[in-house]
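> Using the sequences and the hints given, assemble the complete structure.
2 protein chains.
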Amino acid sequence: MFPQFKNHINNNLAFLNGKKLLVAFSGGLDSVVLAHLCVGNKMEIALAHCNFNLRGEESDGDEDFVRQLGSKLGISVFVEHFETKQFAEDQRVSVQMAARELRYQWFEELLKIEGFDFVLTAHHADDSLETFIINLSRGTGIEGLSGIPEVNGNLVRPLLEFSREEILAYADANEIKWREDSSNAENKYLRNKIRHEIVPKLKELHPSMLQNFQNTQKHLQQTDALATNHLLEVKHKLFQYEEDQIKIKIGDLLELKPLDAYLYGLLNPYGFTEWNDVKHLLHAMSGKQVFSKTHGLLKNRDVLILSKLNNRVQQEFPVYLDGTPAESPVTLKLEPVRSMQNPEKKTIFLDKEKLNFPLVLRNWEKGDYFYPFGMKGKKKLSKFFKDEKLDLISKEKQWLLCSNDEIVWVVGKRADERFKVEDSTQEIIKITQLT
Amino acid sequence: MFPQFKNHINNNLAFLNGKKLLVAFSGGLDSVVLAHLCVGNKMEIALAHCNFNLRGEESDGDEDFVRQLGSKLGISVFVEHFETKQFAEDQRVSVQMAARELRYQWFEELLKIEGFDFVLTAHHADDSLETFIINLSRGTGIEGLSGIPEVNGNLVRPLLEFSREEILAYADANEIKWREDSSNAENKYLRNKIRHEIVPKLKELHPSMLQNFQNTQKHLQQTDALATNHLLEVKHKLFQYEEDQIKIKIGDLLELKPLDAYLYGLLNPYGFTEWNDVKHLLHAMSGKQVFSKTHGLLKNRDVLILSKLNNRVQQEFPVYLDGTPAESPVTLKLEPVRSMQNPEKKTIFLDKEKLNFPLVLRNWEKGDYFYPFGMKGKKKLSKFFKDEKLDLISKEKQWLLCSNDEIVWVVGKRADERFKVEDSTQEIIKITQLT
Chain A
1 MFPQFKNHIN
11 NNLAFLNGKK
21 LLVAFSGGLD
31 SVVLAHLCVG
41 NKMEIALAHC
51 NFNLRGEESD
61 GDEDFVRQLG
71 SKLGISVFVE
81 HFETKQFAED
91 QRVSVQMAAR
101 ELRYQWFEEL
111 LKIEGFDFVL
121 TAHHADDSLE
131 TFIINLSRGT
141 GIEGLSGIPE
151 VNGNLVRPLL
161 EFSREEILAY
171 ADANEIKWRE
181 DSSNAENKYL
191 RNKIRHEIVP
201 KLKELHPSML
211 QNFQNTQKHL
221 QQTDALATNH
231 LLEVKHKLFQ
241 YEEDQIKIKI
251 GDLLELKPLD
261 AYLYGLLNPY
271 GFTEWNDVKH
281 LLHAMSGKQV
291 FSKTHGLLKN
301 RDVLILSKLN
311 NRVQQEFPVY
321 LDGTPAESPV
331 TLKLEPVRSM
341 QNPEKKTIFL
351 DKEKLNFPLV
361 LRNWEKGDYF
371 YPFGMKGKKK
381 LSKFFKDEKL
391 DLISKEKQWL
401 LCSNDEIVWV
411 VGKRADERFK
421 VEDSTQEIIK
431 ITQLT
Chain B
1 MFPQFKNHIN
11 NNLAFLNGKK
21 LLVAFSGGLD
31 SVVLAHLCVG
41 NKMEIALAHC
51 NFNLRGEESD
61 GDEDFVRQLG
71 SKLGISVFVE
81 HFETKQFAED
91 QRVSVQMAAR
101 ELRYQWFEEL
111 LKIEGFDFVL
121 TAHHADDSLE
131 TFIINLSRGT
141 GIEGLSGIPE
151 VNGNLVRPLL
161 EFSREEILAY
171 ADANEIKWRE
181 DSSNAENKYL
191 RNKIRHEIVP
201 KLKELHPSML
211 QNFQNTQKHL
221 QQTDALATNH
231 LLEVKHKLFQ
241 YEEDQIKIKI
251 GDLLELKPLD
261 AYLYGLLNPY
271 GFTEWNDVKH
281 LLHAMSGKQV
291 FSKTHGLLKN
301 RDVLILSKLN
311 NRVQQEFPVY
321 LDGTPAESPV
331 TLKLEPVRSM
341 QNPEKKTIFL
351 DKEKLNFPLV
361 LRNWEKGDYF
371 YPFGMKGKKK
381 LSKFFKDEKL
391 DLISKEKQWL
401 LCSNDEIVWV
411 VGKRADERFK
421 VEDSTQEIIK
431 ITQLT
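Chains A and B, in that order, give the protein sequences. For the first sequence, UniProt numbering assigns the number 1 to the initial residue and increments by one for each residue that follows. For the second sequence, UniProt numbering assigns the number 1 to the initial residue and increments by one for each residue that follows.
Just to be clear, a hint being listed does not mean it is correct.
As the list makes no split between identical chains, a pair holds if one copy fits it or if it spans any two.
Within a straight-line C-alpha distance of at most 20 Å, the following computed EDC-like cross-link-like pairs (lysine to aspartate or glutamate) qualify [unchecked claim]:
hint	residue 1	residue 2
1	Lys257	Glu150
2	Lys397	Asp387
3	Lys20	Glu417
4	Lys257	Asp224
5	Lys218	Asp277
6	Lys203	Glu130
7	Lys218	Glu274
8	Lys188	Glu204
9	Lys235	Asp224
10	Lys218	Asp260
11	Lys345	Asp302
12	Lys380	Asp391
13	Lys201	Glu353
14	Lys383	Asp224
15	Lys413	Glu344
16	Lys201	Glu130
17	Lys395	Glu109
18	Lys188	Glu422
19	Lys201	Asp127
20	Lys188	Asp90
21	Lys218	Glu143
22	Lys193	Glu204
23	Lys6	Glu80
By construction, these hints were calculated from the structure, which means they are not laboratory data.
Next comes the structure, spelled out in structure tokens:
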């Protein structure tokens with residue numbers, strides 16, 4: 001039965017022969033069949049089973065099943081328990097992401113400590129097709145359509161070119177038992193819908209649909225490789241790496257055609273997705289910025305400066321009594337007033353004598369603190385941001401109005417106690433944020 | 001109704017305003033709605049309707065409908081009749097290909113003669129998704145997945161970002177009538193299956209599936225553009241253009257990584273699809289060739305020679321009394337025999353005295369003729385090939401055994417009358433094709 005597997009190992013994955021192999025083993029159909037095939041093919045394997053403690057007794061039942069199968073097949077079994085939910089909460093990621101992270105971390109450890117050469121996973125062609133369809137429905141680029149490689153470093157997927165049908169037929173013919181997994185309901189719902197309602201219809205369109213799909217993915221991987229090589233060359237020419245930032249001459253960018261394709265190719269890896277904003281930035285005034293979740297892109301004269309959000313470029317703009325200069329990222333109106341009447345939403349009133357002009361607008365820095373208006377004592381700005389539940393991007397977009405580098409105003413959010421108008425105040429300055 | 005169309009024209013296709021536009025008009029839902037939208041948007045259009053004469057009365061009914069709609073909307077109608085089936089037969093293409101060819105030829109003529117600036121077609125987002133799925137099921141590369149552009153030269157598809165649902169809703173709301181097309185049953189079967197059974201399920205996976213799909217196609221187009229630019233640079237470095245052929249140094253090719261990706265990218269445009277054969281060619285003996293439907297790729301020492309099949313490289317190999325040399329593309333065994341016994345399938349018997357050694361194995365050339373064994377008189381080789389129903393590739397693979405440049409044997413197929421064994425023959429040579 002299933003001579004294709006033996007042939008495939010010998011023709012394409014012969015480097016696995018004689019190596020110490022660790023099979024990522026959930027206990028589900030695919031991993032059970034993979035383990036049986038490897039044993040039947042006299043490959044030296046052990047099983048690695050993650051107990052994510054997500055399904056109570058069922059998780060423990062899986063673990064028992066794995067241990068029994070290990071004894072039956074005469075192979076070692078490694079089991080690790082994870083507090084997946086806790087990890088997900090701590091890392092602020094989904095349970096699914098957490099499980100994935102924990103799994104691969106542990107596999108890496110096992111490879112090192114136990115001296116395994118490769119980890120085998122049981123992904124098959126239908127998995128690839130389902131992932132393709134999920135990514136297609138969500139919107140993606142070539143990376144979401146071209147699939148996972150059969151060999152990626154020390155991670156190998158020997159079943160990748162086989163169909164679920166073939167795997168199931170093998171299990172049936174050999175009376176192989178496996179555990180049904182009830183976990184991961186949401187993702188499972190999506191996959192089940194694709195598996196049972198969409199994929200069978202797709203397969204009806206062409207007798208060798210799945211094979212054709214695999215060839216398509218291979219071609220997409222190839223095109224992706226060409227585009228990647230090209231981008232490496234273009235980056236090599238255009239990107240000037242300086243400490244924590246990358247400078248790109250706008251003139252050089254504008255020579256690339258089609259510009260959209262290059263902006264996407266060069267900047268998508270840094271998380272940028274708002275291409276109209278990025279394009280406008282090329283012709284915007286100095287000081288304008290566009291943010292991704294992880295990076296900032298600053299226009300500074302004739303260059304763009306790309307930097308990670310946590311080490312982005314510090315900027316400063318002077319604020320004079322007659323207001324902010326044209327290039328300032330926020331527009332402030334300053335006016336002397338007699339009283340604190342007509343406060344607007346983004347307005348503060350300050351004691352002019354306490355200020356040292358020009359004031360300065362700047363980004364926040366690590367260690368910044370201020371004395372929140374109406375409170376006693378000082379507060380770390382990072383704590384204030386956290387209490388306000390600002391996300392990374394909002395934090396980056398936050399400007400501080402300072403006098404002698406003391407924070408006067410967390411602009412638009414909170415004034416400082418130190419500069420407030422008091423009974424003794426002679427001149428009141430009203431500052432309003434216009435943009 | 002449908003202000004999105006007006007907005008889309010003004011934002012993205014403003015260059016159409018004030019131009020003379022020809023709407024490719026079948027009379028089906030999509031083209032009827034497009035015509036109405038253009039008229040409502042005060043664009044200057046005429047209708048171009050192809051009567052392919054494929055559906056008898058129904059075709060004529062479509063034509064009547066188009067003429068009536070033209071009068072009603074007060075716009076010109078161009079109609080052309082085509083003998084589509086005949087054209088398809090003559091050109092040896094499918095009826096669908098023929099219709100497509102005829103349609104675009106005629107549009108080009110109308111543009112020139114009648115002074116239109118652009119042709120508008122009514123392709124919409126669901127069309128793109130259906131085509132994507134058809135190509136996916138058949139196997140494709142990025143070109144089959146990245147979709148058609150909205151603007152391609154003088155061909156514009158203003159509905160490309162709208163869904164069938166939106167178009168249908170517009171038709172319903174405005175009581176617009178259209179003709180149902182019963183043609184093209186096979187393709188229609190496939191599209192209907194996709195439209196009714198697969199696409200609705202895909203759209204259930206994500207609330208903005210169609211929009212996401214369009215963004216995905218845009219990204220694929222961008223990646224394709226990058227890969228294409230890269231291949232242009234690589235070609236510029238590696239391809240030496242010499243008259244009708246292109247020479248590529250094998251050493252240069254072997255430096256490219258990943259090699260598979262480059263072979264695919266560089267040679268797929270010439271129709272090659274058998275990548276294992278192409279890869280083997282790099283390390284094969286001189287004289288080996290791989291063929292696509294249109295091109296040949298010849299290994300010649302340290303270069304590959306790429307040429308169109310109808311002007312492929314002429315090759316010659318000597319044939320000595322003791323047989324063919326190692327590098328010969330076919331292996332012939334020559335032996336003196338006493339009689340014409342034991343004839344095998346690929347054997348001829350010749351009168352040695354009539355031959356001039358070394359014989360020569362060569363490709364065929366235009367103007368070649370021979371005297372087919374058993375016939376009176378000569379025959380053009382091209383006529384012989386036609387009668388034998390040889391396709392292009394088989395013709396290219398056909399070798400001729402010649403003596404003093406006279407054809408002795410169309411190898412493996414037909415001997416020549418002139419060199420046959422006769423009563424007067426002193427020495428008989430038996431030649432057998434081994435490979």
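> Now, for every hint given, state plainly whether the structure supports it.
Structure-based check of each hint:
Taking identical chains as interchangeable, the C-alpha atoms of Lys257 and Glu150 lie at most 20 Å apart only when they sit on different chains, with a minimum of 18 Å there against 34 Å within one chain. Within a single copy, Lys397 and Asp387 get their C-alpha atoms as close as 17 Å, which meets the 20 Å cut-off; across copies the closest is 78 Å, which misses it. Taking the shortest alpha-carbon separations for Lys20 and Glu417, neither the intra-copy value of 66 Å nor the inter-copy value of 68 Å comes in at or below 20 Å. Proximity of Lys257 and Asp224 under a CA criterion of 20 Å is satisfied in both settings, with 18 Å inside one chain copy and 12 Å between copies.
Taking CA atoms no more than 20 Å apart as the test, Lys218 paired with Asp277 passes between copies only; the shortest distance there is 17 Å, against 34 Å inside one copy. For the homomeric pair Lys203 and Glu130, the shortest alpha-carbon distances inside one copy (12 Å) and between copies (15 Å) are both at most 20 Å. When the C-alpha separation of Lys218 and Glu274 is checked against a cutoff of 20 Å, the pair qualifies only between copies, where the shortest distance is 14 Å, while the shortest distance within a copy is 29 Å. Only between protomers do Lys188 and Glu204 lie at most 20 Å apart by alpha-carbon distance; the minimum there is 15 Å, versus 23 Å within a single protomer.
Both within a single protomer and between protomers do Lys235 and Asp224 lie at most 20 Å apart by alpha-carbon distance, with minima of 16 Å and 18 Å respectively. Taking CA atoms no more than 20 Å apart as the test, Lys218 paired with Asp260 passes between copies only; the shortest distance there is 10 Å, against 25 Å inside one copy. Taking CA atoms no more than 20 Å apart as the test, Lys345 paired with Asp302 passes in neither setting, with 36 Å inside one copy and 77 Å between copies. When the C-alpha separation of Lys380 and Asp391 is checked against a cutoff of 20 Å, the pair qualifies only within one copy, where the shortest distance is 16 Å, while the shortest distance between copies is 81 Å.
Taking the closest pair of Cα atoms, Lys201 and Glu353 never come within 20 Å of each other, the shortest separation being 76 Å inside a single copy and 68 Å across copies. In this homomeric assembly, Lys383 and Asp224 never come within 20 Å of each other (Cα to Cα): the closest approach is 43 Å inside a single copy and 46 Å across copies. Proximity of Lys413 to Glu344 under the C-alpha cut-off of 20 Å is restricted to the intra-copy arrangement: shortest distance 12 Å within a copy versus 97 Å between copies. In the homo-oligomer, the alpha carbons of Lys201 and Glu130 lie at most 20 Å apart both inside one protomer (13 Å) and across protomers (13 Å), since each shortest distance falls under that limit.
For the identical chains of this complex, Lys395 and Glu109 are neighbours neither inside a copy (36 Å) nor across copies (60 Å), given an alpha-carbon limit of 20 Å. Taking the closest pair of Cα atoms, Lys188 and Glu422 never come within 20 Å of each other, the shortest separation being 63 Å inside a single copy and 80 Å across copies. For the identical chains of this complex, Lys201 and Asp127 are neighbours both inside a copy (16 Å) and across copies (18 Å), given an alpha-carbon limit of 20 Å. Taking the shortest alpha-carbon separations for Lys188 and Asp90, neither the intra-copy value of 24 Å nor the inter-copy value of 54 Å comes in at or below 20 Å.
Taking the shortest alpha-carbon separations for Lys218 and Glu143, both the intra-copy value of 12 Å and the inter-copy value of 13 Å come in at or below 20 Å. In this homomeric assembly, Lys193 and Glu204 come within 20 Å of each other (Cα to Cα) both inside a single copy, at 17 Å, and across copies, at 10 Å. Taking identical chains as interchangeable, the C-alpha atoms of Lys6 and Glu80 are never at most 20 Å apart, the minima being 30 Å within one chain and 61 Å between chains.
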